[in-house]
Amino acid sequence: MTQTFLLDGAPVPFEPGQTVLQAALAADRYIPHLCYHPEFRPHGSCKLCTASVGGRLVATCTTPPEAGLVVDSETAQLREVRRTLVQMLFAEGNHFCPSCEKSGNCQLQAQGSDLGVTTAGFRHLYPDRPVDASHPDAWIDFNRCVLCELCVRASDEVDGKHVFALAGRGLTKHLIVNAPSNRLGDTTFAASDEAMQVCPVGAILPKRVGFAVPIGSRRYDQRPVSAQALDDAPRPAGRSP
Amino acid sequence: MDASSLSPVLDPILARWGRTPDRLLQVLREAQDATGWLSPELLAATARSLGLPLAHVRGVASFYSFLALEPAGEYRVLLSDGVTDRMDGSLELGERLCRRLWAEPDHTAGDGLVSVRRTSCTGLCDQGPAALVNGIAIPRLDGRVVDAIADLILARRPLDTWPVDLFSIPTNVRREDVLLRHGLSPGVAIAAALARNGAAPAGMIAELRASGLRGRGGAGYPTGNKWASCEAAPGESRYIVCNADEGEPGTFKDRVLLAREADLVFEGMTLAGHAVGATRGLLYLRGEYRYLLDSLEATLARRRAAGLLGATAGGGPAFDVEIHVGAGAYICGEETALLESLEGKRGIPRNRPPYPVTHGYLGRPTVVDNVETLCAAALIAVHGAVAWRRLGTTQSSGTKLLSVAGDCTRRGVYEFPFGVTVREVLEAAGADDPIAVQVGGPSGTLIDCAEFERHLSFEDLPTGGAFTVFGRGRDLFEVARQHVHFFAHESCGFCTPCRVGTSMLASVMDKIHDGHGSRHELAELDRLTSVLGNGAHCGLGHTAMNPVRDTITRFAPSYERRLASADFAPAFDLDAALAPARRMTGRDDPASHLGEGS
Chain A
1 MTQTFLLDGA
11 PVPFEPGQTV
21 LQAALAADRY
31 IPHLCYHPEF
41 RPHGSCKLCT
51 ASVGGRLVAT
61 CTTPPEAGLV
71 VDSETAQLRE
81 VRRTLVQMLF
91 AEGNHFCPSC
101 EKSGNCQLQA
111 QGSDLGVTTA
121 GFRHLYPDRP
131 VDASHPDAWI
141 DFNRCVLCEL
151 CVRASDEVDG
161 KHVFALAGRG
171 LTKHLIVNAP
181 SNRLGDTTFA
191 ASDEAMQVCP
201 VGAILPKRVG
211 FAVPIGSRRY
221 DQRPVSAQAL
231 DDAPRPAGRS
241 P
Chain B
242 MDASSLSPVL
252 DPILARWGRT
262 PDRLLQVLRE
272 AQDATGWLSP
282 ELLAATARSL
292 GLPLAHVRGV
302 ASFYSFLALE
312 PAGEYRVLLS
322 DGVTDRMDGS
332 LELGERLCRR
342 LWAEPDHTAG
352 DGLVSVRRTS
362 CTGLCDQGPA
372 ALVNGIAIPR
382 LDGRVVDAIA
392 DLILARRPLD
402 TWPVDLFSIP
412 TNVRREDVLL
422 RHGLSPGVAI
432 AAALARNGAA
442 PAGMIAELRA
452 SGLRGRGGAG
462 YPTGNKWASC
472 EAAPGESRYI
482 VCNADEGEPG
492 TFKDRVLLAR
502 EADLVFEGMT
512 LAGHAVGATR
522 GLLYLRGEYR
532 YLLDSLEATL
542 ARRRAAGLLG
552 ATAGGGPAFD
562 VEIHVGAGAY
572 ICGEETALLE
582 SLEGKRGIPR
592 NRPPYPVTHG
602 YLGRPTVVDN
612 VETLCAAALI
622 AVHGAVAWRR
632 LGTTQSSGTK
642 LLSVAGDCTR
652 RGVYEFPFGV
662 TVREVLEAAG
672 ADDPIAVQVG
682 GPSGTLIDCA
692 EFERHLSFED
702 LPTGGAFTVF
712 GRGRDLFEVA
722 RQHVHFFAHE
732 SCGFCTPCRV
742 GTSMLASVMD
752 KIHDGHGSRH
762 ELAELDRLTS
772 VLGNGAHCGL
782 GHTAMNPVRD
792 TITRFAPSYE
802 RRLASADFAP
812 AFDLDAALAP
822 ARRMTGRDDP
832 ASHLGEGS
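Protein chains in written order, with the numbering used here: chain A, 1 to 241; chain B, 242 to 839.
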């Protein structure tokens, strides 16, 4: 018999090895998230998927469920926490959506739109982050990096190249690449690498394909991120969305 | 330095640590000791030798404050920047030192001689202000000592020829109870624990459970339960980790235990190993306590020679201890960050569950205990649970070591039974006119004089050991502001709420300090409290708001008198923004200022 936990009052079935977020998505129940990607081991850094699990506020992407566990996600308090987290990310980097090639395909922007974020709400930190355009086929705009580590995980686990890593600590934490020069062009990175496809924001982008799809016809222009994430969720055999 | 000239430096270090990636931090630390800084060539050579990507090595090296990725000078002076250091005048002394050395703070001098920087509290609060020179601690700075240091540096005297009294660090033990006057010879506690283990069905773990001993680091988890879970966890090998990364500002009692009671600490580790079936122990020593390393290693050598460590440790199963030294990261006091650091990685707290008792060091079942907890366990092995329970309160058995510092005449370490009132400690320490006490450091609780009858215990005021006294005239807003900056500096940066939130918090407090605060900023503090408390990944983020929370409720006037009356005042100050232009044109006349009438 399948075990279930309660998400906002309704039962969600889960299987061993799934986390609360994974089970919820597989059951067509959405919890906002940003650093989680169905193809990678959950990581739990963005904290957007925070929910009350058995009375404790934790990241649902890394928390294993238990039968009968009470999970509350769609509460006013948690919506406010998530809005604040998205605002923090907007204030931390330099995000200019109207001129960004990723606009409409960007998960940060889509989360902001879904959660009703209209301003950064905090003083912008305006960090000084030079762009790396040294690679012939791709470029990194560090201004837009949200430190989700998906590229790090993809390059380590899928591409097997270890191109990316994080350096520094606290607010000085930043993405680096595996070359003495710290330039992408001096690494083994290729534009076909999963590490680029997986970037949820406009930090790692291919060259020469800018604005091939016009703004207005892009992924999150069609349907909100909450619906897209459910389409993308892997489901146990026999269950369809 | 080219790659070939690095081999003589790097090879012996790699040989000593055994070329495995989990020793990366120790290799980097020793390589820096040998060469002064971690050059790109050195990082590349280390990466090659350990089979790691260069980016990974740079990622680790850049995480730790004490590792220098740029030339940091022949003499690297780090001034302890704890709240008590500042109360004792550290900022003025730092300026004096820089003047004498012709040094600019936070920059390495052009001739490569010296750099002067600030660092988080170094755990010498009872004898501050303190500094670290090339990693070695110097207490009790005053004008005379600062001038002497400057002269020695300018004369390029090697550090090991400096007058020894500069480095003398007394333990300042002011009150002893059962732990500090244990009087046990090495080996006695191990033998007692072995006897208990032999006497089925009880055993050491049962005795520990009966004693009610709870972790002394602050969280207060029952030690017996922790050992039992580790013992029961499946795994081929187990580990005992002693958390000697005492980083909470205001705390220094573990330093005193390591300096005075090293045998008892290792005794506790050994009998813990016997109890849970671990053959290896690791002691993670705070980088600031590097000066204790030689004496700790000597104690280990003596214990090996005496048969108290090794193949039959104290007559029991095999056990030995290895010491790792940290490199300036408060977060590594968090037990899972400490495990990551022991594995040579960036000190990022892990996701839990699983917990260290099942998946700890190298993924194996691991007990992580505080220095004082392990000493207490050794005592319980000898005297038993009943004797231990006789001291303290129902839920907080035994004694607690307190690090008393700040505005009092008798600073130092006090051992009191749990349940002692704040007032009793204040009286023992000679605090004449205290207005507030910070119990448990900035991540603990700050109380005012209306609460001095409260008890130090897990039931009332839990504490990891810091007890910092603030006397009349101290500005508690400034104390909170300094601590908020501390948390922003020490945030590991893993999760959004803490990485961004602690820095936002610091900038809001700065704005209030600068006189641009309004009700808007108080609301902002509320918002940040909620997101840090509700969203952060670990205890650092959860408690980073505590200094603000406690001072704003108890010392509201220190905030209110700084607030501009409006609902909102911009942080941007046009007149201040013109300062560089005034400096460049050499002007400071009234017409060069914006203001009333201009």
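Incorrect hints may appear among the rest.
Dumping the calculated SDA-like pairs for lysine to any residue here, alpha-carbon to alpha-carbon at most 25 Å [said to hold, decoys possible]:
#	chain 1	residue 1	chain 2	residue 2
1	B	Lys586	B	Ser771
2	B	Lys586	A	Phe96
3	A	Lys161	A	Leu115
4	A	Lys173	B	Pro399
5	A	Lys173	B	Pro249
6	A	Lys161	B	Asp347
7	B	Lys586	B	Gly827
8	A	Lys173	B	Gln267
9	A	Lys173	B	Asn438
10	A	Lys173	A	His162
11	A	Lys173	A	Ala10
12	A	Lys207	A	Arg56
13	A	Lys173	B	Arg713
14	A	Lys173	B	Ala288
15	B	Lys586	A	Pro136
16	A	Lys173	B	Arg317
17	A	Lys173	B	Asp347
18	A	Lys173	B	His730
19	A	Lys161	A	Pro136
20	A	Lys173	B	Glu282
Computed, partial: chain B to chain A, Cβ under 7 Å [unchecked claim]:
#	residue
21	Leu291
22	Pro294
23	His297
24	Arg299
25	Ser303
26	Tyr596
27	His600
28	Phe693
29	His696
30	Gly734
31	Pro738
32	Val741
33	Val772
34	Gly776
35	Gly780
Keep in mind the hints are simulated off the structure, nothing from the lab. From the three backbone atoms N, C-alpha and C, an ideal C-beta is built for every residue, glycine too.
Outcome of the hint check:
Of the pairs offered as hints, the one joining Lys586(B) and Ser771(B) is violated, with about 30 Å between alpha carbons and a cut-off of 25 Å exceeded. Pair hint Lys586(B) plus Phe96(A) does not hold up; C-alpha atoms about 34 Å apart against a cutoff of 25 Å. With a C-alpha separation of about 36 Å, the suggested pair Lys161(A) and Leu115(A) falls outside the 25 Å cut-off, and the hint is violated. Straight-line distance between C-alpha atoms of Lys173(A) and Pro399(B) comes to about 35 Å, which puts the hinted pair past the 25 Å bound.
For the proposed pair Lys173(A) and Pro249(B), the alpha carbon gap of about 33 Å is over 25 Å, so the pair is violated. With a CA separation close to 36 Å, the supplied pair Lys161(A) and Asp347(B) exceeds the 25 Å bound. For the suggested pair Lys586(B) and Gly827(B), the alpha carbons sit about 50 Å apart, so the restraint of at most 25 Å is broken. A distance of roughly 22 Å separates the Cα atoms of Lys173(A) and Gln267(B); the hinted pair therefore holds under the 25 Å criterion.
About 48 Å separates the Cα atoms of Lys173(A) and Asn438(B), which puts this hinted pair outside 25 Å; it is violated. In summary, the hint linking Lys173(A) to His162(A) is supported, as the alpha carbons are separated by about 18 Å, within the 25 Å threshold. Only pairs whose Cα atoms come within 25 Å are accepted, and Lys173(A) paired with Ala10(A) is rejected, the gap being roughly 39 Å. The hinted pair formed by Lys207(A) and Arg56(A) fails the criterion: a straight-line CA distance of about 44 Å is larger than 25 Å.
With a C-alpha separation of about 40 Å, the suggested pairing of Lys173(A) with Arg713(B) is violated against the 25 Å cut-off. Restraint check for Lys173(A) and Ala288(B): satisfied, since their Cα atoms lie roughly 21 Å apart, inside the 25 Å limit. Our distance criterion of 25 Å between C-alpha atoms is broken by Lys586(B) and Pro136(A), whose separation comes to about 32 Å. Annotation: proposed proximity of Lys173(A) to Arg317(B) holds, straight-line Cα distance about 24 Å (limit 25 Å).
Proximity of Lys173(A) to Asp347(B) is assessed by CA-CA distance (about 19 Å); at most 25 Å being required, the pair is judged to hold. At most 25 Å may separate the alpha-carbon atoms for a hinted pair to count; Lys173(A) and His730(B) meet this at roughly 11 Å. A distance of roughly 18 Å separates the Cα atoms of Lys161(A) and Pro136(A); the hinted pair therefore holds under the 25 Å criterion. Restraint check for Lys173(A) and Glu282(B): the C-alpha separation of about 22 Å stays at or below 25 Å, so the hint holds.
Against a cut-off of 7 Å between C-beta atoms, the interface hint on Leu291(B) is violated, since the closest Cβ of chain A lies about 13 Å away. A cut of 7 Å between beta carbons decides the hint on Pro294(B): the least distance to chain A is about 4 Å, and the hint holds. At a threshold of 7 Å, the smallest CB-CB gap from His297(B) to chain A is about 5 Å, leaving the interface hint in force. At a threshold of 7 Å, the smallest CB-CB gap from Arg299(B) to chain A is about 6 Å, leaving the interface hint in force.
The beta carbon of Ser303(B) is positioned within 7 Å of a beta carbon in chain A (closest approach about 4 Å), and the interface hint is therefore held. Hint status for Tyr596(B) relative to chain A: violated, with the closest Cβ pair at about 12 Å, above 7 Å. Violation of the interface hint for His600(B) is found here, the shortest Cβ-Cβ separation to chain A being roughly 13 Å, above the 7 Å cut-off. Proximity of Phe693(B) to chain A is violated relative to the hint, the smallest CB-CB distance being about 33 Å (cut-off 7 Å).
At its closest, the beta carbon of His696(B) sits 27 Å from a beta carbon of chain A; the interface hint therefore is violated under the 7 Å criterion. A hinted interface residue such as Gly734(B) counts as satisfied when its beta carbon comes closer than 7 Å to some beta carbon of chain A; here the least separation is about 3 Å, so the hint holds. This hint holds: Pro738(B) has a C-beta 6 Å from the nearest C-beta of chain A, less than the 7 Å allowed. The closest approach between the C-beta of Val741(B) and any C-beta of chain A is roughly 4 Å, which is under the 7 Å cut-off, so the hint is satisfied.
A distance limit of 7 Å between C-beta atoms decides the matter here; for Val772(B) the minimum to chain A is near 5 Å, and the interface restraint holds. A least Cβ separation of about 5 Å between Gly776(B) and chain A falls short of the 7 Å threshold, and the interface hint therefore holds. Given hint, Gly780(B) at the interface with chain A, is violated; its Cβ is 13 Å from that chain's nearest Cβ, farther than 7 Å.
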